[in-house]
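Trainee: As they're listed, the protein sequences go chains H and S. Take any residue in the first sequence, count from 1 to its spot, add 78: that is its number in the working numbering. Take any residue in the second sequence, count from 1 to its spot, add 188: that is its number in the working numbering.
Keep in mind that the hints are not guaranteed to be accurate.
[Said to hold, decoys possible] No more than 30 angstroms apart at the CA atoms, straight line, and that leaves these computed lysine-lysine pairs for DSS-like:
hint, chain 1, residue 1, chain 2, residue 2
1, H, K458, H, K382
2, H, K573, H, K586
3, S, K800, H, K789
4, S, K420, S, K398
5, S, K800, H, K764
6, H, K584, H, K266
7, S, K485, S, K455
8, H, K411, S, K485
9, H, K295, H, K392
10, S, K556, H, K446
11, S, K485, S, K523
12, S, K372, S, K726
[Said to hold, decoys possible] Okay, the calculated bits of chain S under chain H, using three or more residues with CB under 8 angstroms as the criterion:
hint, segment
13, 567-577
14, 763-776
No wet-lab data here; the hints were simulated from the structure. Beta carbons: idealized from backbone N, C-alpha and C, even for Gly.
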Amino acid sequence: MFPVKPMKPTFKCYLPPVQTDVKKTIDPPIKKLEPKLLPGEIVVNEANFVRKCISSESSQDDLWGKLICTNFKVSFILQDVPSKQKPPMSHLLLGEHDIPLTCLEQVVTVNDTKGKKKVLGSNQKLKFNPTELILYCKDLRIIRFCFGEAGPESAKKVCLAIAHYSHPADLHLLFGFEYQGRRYHESKEERVNGSASRGGFQTPIFDRPSDWDREIKRTGASEWRVCSINESYAISSSLPEFIVVPVPLADQDLKRYSVYFTGHRIPLWCWNHSNGSALVRMASINDPLQQRKIEQRVFTAITKSHPQRSEVHKFELDKSLPNIQDIQTAFVKVRHISVIDPFEESEERWLTSVENSRWLEHVRAFLKQSAEIVYCLDGKNVSVILQEEEDRDLNCVVSSLVQLMLDPQYRSLAGFQSLVQKEWVMAGHRFLDRCNHLKKNEKEESPLFILFLDCVWQMMNQYPAAFEFTDAYLTVLSDSMWIPLFSTFLFNSPKQRTQHLMDFAKNKAIPPGEDQVVFFPPVWDWSQQFSTKDQTLFNNPTYIGKGAACVQNGEVKTFTRTKQKSYSSTMRGTASSMRNGVKERGEEALVRRSSLVSELKPDFSPVKDESPSERFFRDWFSQPADQQGLLIPLLMPSHVALWKLFFLRWVPEACIPKGGPITAYHKISQLVDEIEILQSQLRRYKGPSPGNTPLPSQREPPLTQRRMYFKATSPTPPDYLSSSFPFTPVGNLCRRSVYGTPISKFLNGARTWLSTETLANDAV
Amino acid sequence: MEKSGSIDSLGSKRSSSRQPSVDSLSSTSTSRSDRSAQAKPPSAMSSDSMSTSAEFSPELRVKPKTAVKQVLRDSEKEEPQLLPNETVQDMAQDITYFCPFTGAVRGTVMVTNYRLFFKSTDREPAFVLDLPLGVVSRVEKIGGASSRGDVSYGLVCKDMRNLRFAHKQMEDTLRKSIFEVLIKFAFPVSNGLQIFAFEYGQVFPENGWKVYDAISEYKRQGIPNESWRITKINDHYELCDTYPSTLAVPVNIPDEELRRVAAFRAKGRIPVLSWIHPESQATVTRCSQPMVGVNGKRSKEDEKYLQAIMDANAQSHKLFIFDVRPCVNAAANKKNGGGYESEDAYQNAELVFLDIHNIHVMRESLRKLKDVVYPNIEDSHWLSNLESTHWLEHIKLILAGALRIADKVESGKTSVVVHCSDGWDRTAQLTSLAMLMLDSHYRTIRGFEVLLEKEWLSFGHRFQLRIGHGDKNHTDADRSPVFIQFVDCVWQLTRQFPAAFEFNEYFLVTILDHLYSCLFGTFLCNSEQQRLKEEIPKRTVSLWSYINSQLEDFTNPLYVNYSNHVLFPVVSLRHLELWVGYYIRWNPRMRPQEPVHQRYKELLAKRAELQKRVDELQREVTNRSASSSERAGSPTRSITPVQTFV
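Isolated chain S, as found in the complex:
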């Protein structure tokens, strides 16, 4: 396969201006440059300006020198380095980009089957905009031909920015505007084309599709054991087509009964094991709502099943059912045949509502947030504007819910059942966050990938529907930033426990960027079954292939592996912050906060160097003392003093 320099295209979003701090990094960078040379990091998204806003996260600054040099060379070139199988579809001159921060820029636009590439012709250094078409939510032609003969197009993006371009009215009316071409490739699904992930054939040293294996993950948790077994009942997705094929259920419930339980749970999503406490055997199980309906239907099998979940944990004679929804919403679901467990029917169970709102509320909240942060932040009323979006309030409720679950399992040694309506949005948020607090394995890079593969992808969070990959129907009510919200919650945890996570902020931003980019197959489709049918693992590259091939970029150097350390964050607005490194990153007046991570890496290099010298001297001294009997008092080789940095 052609080794195209995708480093370069990544580089274009990095500012070459970071060089001095790059310089300050030593040997670590050398080793990495080798690796990234073969790994070829694909370009995620690019900046909205030539400045550092380009950088998603401070960690980006730590870049191998070679890459930086390439960037310099690159920015002089007319076009980006294309990815494998990326083909140019159209090019146009004399396009104006209206940068909301620095004013109008004139330049050229190139559209490929993967990206839009704008490069200014009237600014020095050149202003470059390089964005994957996957982030485009909609394209609108603004106004018809005006007297001056300009046509203007607005691009609304999924990643918290809007772009606007204009060009002269086409002389030749038959010729399509480049933005009409763009529409075709931005929404391949709606235009009968293939999503680019199916064409991108990059080979990485590591195969990310092997990161998660359900059986070995259950094994890590000690499953099967005397109370839990692995069932193959869903092998062909017959019990539940949105569940994974491998499920862990209580030992004493035979497969036959599982079918009857499935009949009573929405979409057949029966309670199954997500996580088991290694000591107390208290479990986190997840499911969908019971089909209680207005008449208060009951299911003996379901009741018995929950009893079995409780009995599997000898430490507690109680079971907590967390209905993630607000109580009123849960009740309203009865009209559609759903509802919640009545405490009369479920002995020893306590039902708790966690008051987290549905996907529509969250979508609206993020939309408001975008209004508040993009393009400019108003000087006054920032905090009240932020409050009025309720975004942090939602984050708080989600974290509070996860905290309660973690606390019940860890401190109360009680098993919990978590569900919302269908059990694929809020339930995924809650179980995965609780597991992140409880199990330090999920706080490693690979562990986190497993967590996403398991709780989100295999359990059928409907990524295709929620994100709308390649689909032009931007008003689709099924779209919702549920996953973004989860990643935001994870970021909040990393802020409160800066040494407890192996990954850094750049890791989280990269995941979100490729959630939209459609470069990798990871977030395509709605369920495991669909992914299998589409042969996603065979036909596309996994995001984890890319990430795991250059782990160092995504590693938090401050990570301390506290074993058996449960995180109990303070879920208060006093500690929750807006994730400016993600939501406000397009603003050139924002600089990623100077990271201590970078500094730590410098110090690590320094320690290594000093250690080397001390060792050398030690050896010299040893040698000398061995020979000193012969030649006493020979002067030592003079050593350059190491300057103290303080």
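Bound-form chain H, shown alone:
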């Protein structure tokens, strides 16, 4: 366990202690250390007497055990069963010291005495005996093992095995294809009842016309229809089988036009505003001769599908947003400064480093672009087409962000999952390539989905009551990308998924007609990974849900949205002639009085005219935010922050013991839990037969019905709460030793960055 008060010891304790007692601990009684294996999982190689490094400064906390490579994960089995507490959130499929092979970014072997280092790939040779193995993980962990006492040969073998098995030659070699087959057959009996109803989870998959129909109805998009020309992927291999198109466009025309679109990706309906404006995405038209004509047809059809026949605005995202390589580069940089750079050394230029990574700039660019589109749909009441060369990357981010801002449905847990399913999975985002699960082509790798999650986090950070799910949920979702057991993140397109899963079903003797959601579930079935209790960490206690009620003066009031529909009048410019006239004179005057310029200048820079969209945003910001209405993130650079839980959760130096937003979450959760207890009491009072007296003993609802992780009955915050909660940095981030500990360093390191003017004045 991470020390509760790392500041507690005197500063002497931060000095690396002399390694005297190492020998004592390495004469362990031979114990059989068995890994916990999943169905279909086999041990490939293993090494005994391996040391897992906990801290980069000293080895006194290091753990001894056995390092195992299986066809699914790298596992570390402790020699001594630890007496300490379990981590707050425990994964059902992975132990505390396990790393899925797909989560490995880089496998590095080191020989300290020879001063050698090698990054291992598949089928490689290693000319030295490794003394150390460093695993850089895609979830930003850095895990270090020392082989000092392990046999040199077995150390080498296990390293090579890890490197080899983390580079699968083919998609179907990913462990999910083994595991899900076994799991399907082993758990068949339990499923007897539920298999028809998709295992009981609510997230629509959008692989059936009915899912789309429901969306059309829900958003009131009456001039749009489900079209099945792509059934069996007849038109496009990356589009879903069922898509939604404007009613005025006939199947015939669509088929005809499709050949001119990149990847045959014809315009695809995403969402409808209640004012009738539609959000549509499409690929670019590759034949310049046809471009105008086809665009014209498409635009006309969309205009006709608008109740006010309002025009269509096209956004070419390739031109306005960073490309996937830019995003990958930024991510690599921000990851580097967050976890790889030594903490204290990077402290001095931290802000500039964050800026130079450009990650936040990109996050902001996507949010800003999305907000502009929101302005068109909501403020200008025009339909919007998102166009991107392939319509499979930037469009996914922007279309889902726009919907998240406009439609509160998507801010619920189930709604958010359906959004990802609709705009990412079914829309053909190349998860396989972008995640680079097969480590084949680094050029295709790009963390677009993480960028999207970061954007969602920015909004959540600004509007904490608007989302049903938490920061921890987004983080866990990002981690799930690196566990190859769920159908969600394994494929490049719906077609690829269908084909692979058909082959899989055939090979695993799964009866034809069985639902793929049942035999190869998506990540949305969270019970695969977490207990019901741990899943409550996804629930945001401050969420104001749909039809949210608030008790006021004894009445239950429903939040209603009072929408300010005065855009037309607010967008009217103020008398600009007067303003401009005065402004000009003001500038002249300024030039003459240069003495004032230095201090007054910022204020008197020319008064800029607000653009209509700026006016729209300012108007919106001047109103109270309706958590169940339109939500626009603050777009000033000062309001886009680094997603600390995601980037810094493993960094021990950045962990605030007994602090961080979680302490507020704890307090609110308890209150909400109390409310839920009261509500369930009320329900019992007015139970089915009103005459019944409730049993006084049943004061609390069963635990399964309680949505809060922290219960009302635990008033004091637990000691293990920290800003990294529910994750723990212990053993998950061990950089190669850079001596001198963070705290001692910055406390002793006298740094003067300022001029001599300082000195002269100090005597004052």
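Got chain H; can you put chain S on it based on the hints?
Mentor: Showing chain S alone in chain H's frame:
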């Protein structure tokens, strides 16, 4: 006294648009509206726009309905509700205000002996600007009469904004511009007038001047005890005129020796007790630099005195002397007779420099920060621009220093002596922050007020000089945002420990607003002695009177009273943030981040309501079961279902 509706004037800075969320609040608001009706919150400052930028903090949104209604009515009126004894000095029509965010606005200006009030005539809803003259740092006439006959005035404000107005050249050359009138009342001290705090006679239910009593605060800490005593040697400020009259010193140093120690410490500011650890008896003591000089002068008495401080703590045989300055600066002070303790002279003492820069560096840093955040934030290079101001870096060093002190006292059980040059700027920052980390009492609202009264006001932080109340000399090198910086550090702590403080962000912003407003006497003068001489407590109202009369506005609902919980913040730029709710609040494109506090209050109201119903039903059931023997099976009164909000 006339009960003028200062609620209204406060209201004008609140946007009426917050109403829906106000509505969502229930019974709590009702009770408060009563209280605020009598308490009459004075207007602090007003917004730069009609929008929400007006709001200093999210908590403001939680307002009693009545107040909101008054605002609505109010904005239709021509002028603000004046405070008691506030008088209109001048009014002018056809003034243009150049809003850096939304363009030029035309309207009327009113200047009183307390505020400037601008109200637009060409916008709907009206744009209102209501600022206390105390925030004005300087007024400059920009340019002479131009061909078009306009005169322009720029107001540089202490609270991170600049305002610019223009009006037609006066036809009548004898008539003064309203801004000339403003200058007179913005700088009363320079114009032989009285600061408005002396005229404002508002009566509040609570008397804030009673918040701090040195003797009872020492008593709370267990002083006097076997090692520390209270001395009356400074009763008439003869030992040290910038120290409080009540001092706590080691028991075995007689008053006579204190005088000799005083001779060796700059301005006579001898080491005295600030805080004592309730268990280990390790202490935080504060003083000024020793007068070592270039020749390395020593003082037996001073050495003995520090030894006595160390001996008062049986747990440790060491004493840490934290010289808050950078080492080079401390050495440079030798030329002026000052310097630092040599470890040769002070046995068992270890000297540590904390590298915090002086008031001039801090002033420059904040000036740069203002350039970066006001009026607009550049889209690119925000973080590097922010870094180049060094503001957060300074915040970090101050917090790091306080953390070291807290750690020494809590974990090392060692006593510490803290000083800078004079011991009234950086020393106050460091001791008060360390005490805030160590002692949860100071994290309550009243405790924090005590902390400010004690470590800042009574120990002579020179507020008058550092802020320059009512003084037109804006280039005065003695001005410095030392106190703002401290409040910023406190805000950083509240960010890292959102449940550890009883007060909210609005509390901190309010303190800073009234640091400048000159409405209350709290931050006037430079020392306890001066305050006594000016009869400040008699002649002015304390800021704590206002705050403590409506505590709910300033309370953090998430507060958990962890007893004996020492806060060890992570002092890293990864966790330090720019306080946007203060520095960028004038920007209408910034909305106070949606607070969970508000939501928590709603949930509290909901719980109360549910509890009430459950109790009612329980009673009903009990009654029924009592009578059920007679009439079995009578239907219960139907109950409206409480909707779940999820």
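Trainee: Decide, hint by hint, whether the structure agrees.
Mentor: Going down the list of hints, with the structure as the test:
1. Between K458(H) and K382(H), the direct Cα distance comes to roughly 17 angstroms. Compliance with the 30 angstroms bound is thereby established for this hinted pair.
2. Between K573(H) and K586(H) the alpha-carbon distance is near 20 angstroms, which keeps this suggested pair within the 30 angstroms criterion.
3. About 21 angstroms separates the Cα atoms of K800(S) and K789(H), which keeps this hinted pair within 30 angstroms; it holds.
4. With a C-alpha separation of about 20 angstroms, the suggested pair K420(S) and K398(S) falls inside the 30 angstroms cut-off, and the hint holds.
5. Between K800(S) and K764(H), the direct Cα distance comes to roughly 15 angstroms. Compliance with the 30 angstroms bound is thereby established for this hinted pair.
6. A threshold of 30 angstroms between alpha carbons decides the hint, and for K584(H) with K266(H) the separation of about 17 angstroms falls inside it, so the pair holds.
7. Between K485(S) and K455(S), the direct Cα distance comes to roughly 16 angstroms. Compliance with the 30 angstroms bound is thereby established for this hinted pair.
8. Of the pairs offered as hints, the one joining K411(H) and K485(S) is violated, with about 54 angstroms between alpha carbons and a cut-off of 30 angstroms exceeded.
9. Using a Cα cut-off of 30 angstroms, the hinted pair K295(H) and K392(H) holds, with the two alpha carbons roughly 25 angstroms apart.
10. Proximity of K556(S) to K446(H) is assessed by CA-CA distance (about 27 angstroms); at most 30 angstroms being required, the pair is judged to hold.
11. Of the pairs offered as hints, the one joining K485(S) and K523(S) holds, with about 12 angstroms between alpha carbons and a cut-off of 30 angstroms not exceeded.
12. For the proposed pair K372(S) and K726(S), the alpha carbon gap of about 26 angstroms is at most 30 angstroms, so the pair holds.
13. Counting residues of the segment 567-577 of chain S whose C-beta sits closer than 8 angstroms to any C-beta of chain H gives 8, which meets the bar of three, so the coverage hint holds.
14. Counting residues of the segment 763-776 of chain S whose CB lies closer than 8 angstroms to any CB of chain H gives 7, so the stated coverage by that chain holds, three being the minimum.
Hint check: a violation occurs at hint 8 only; the rest are consistent with the structure.
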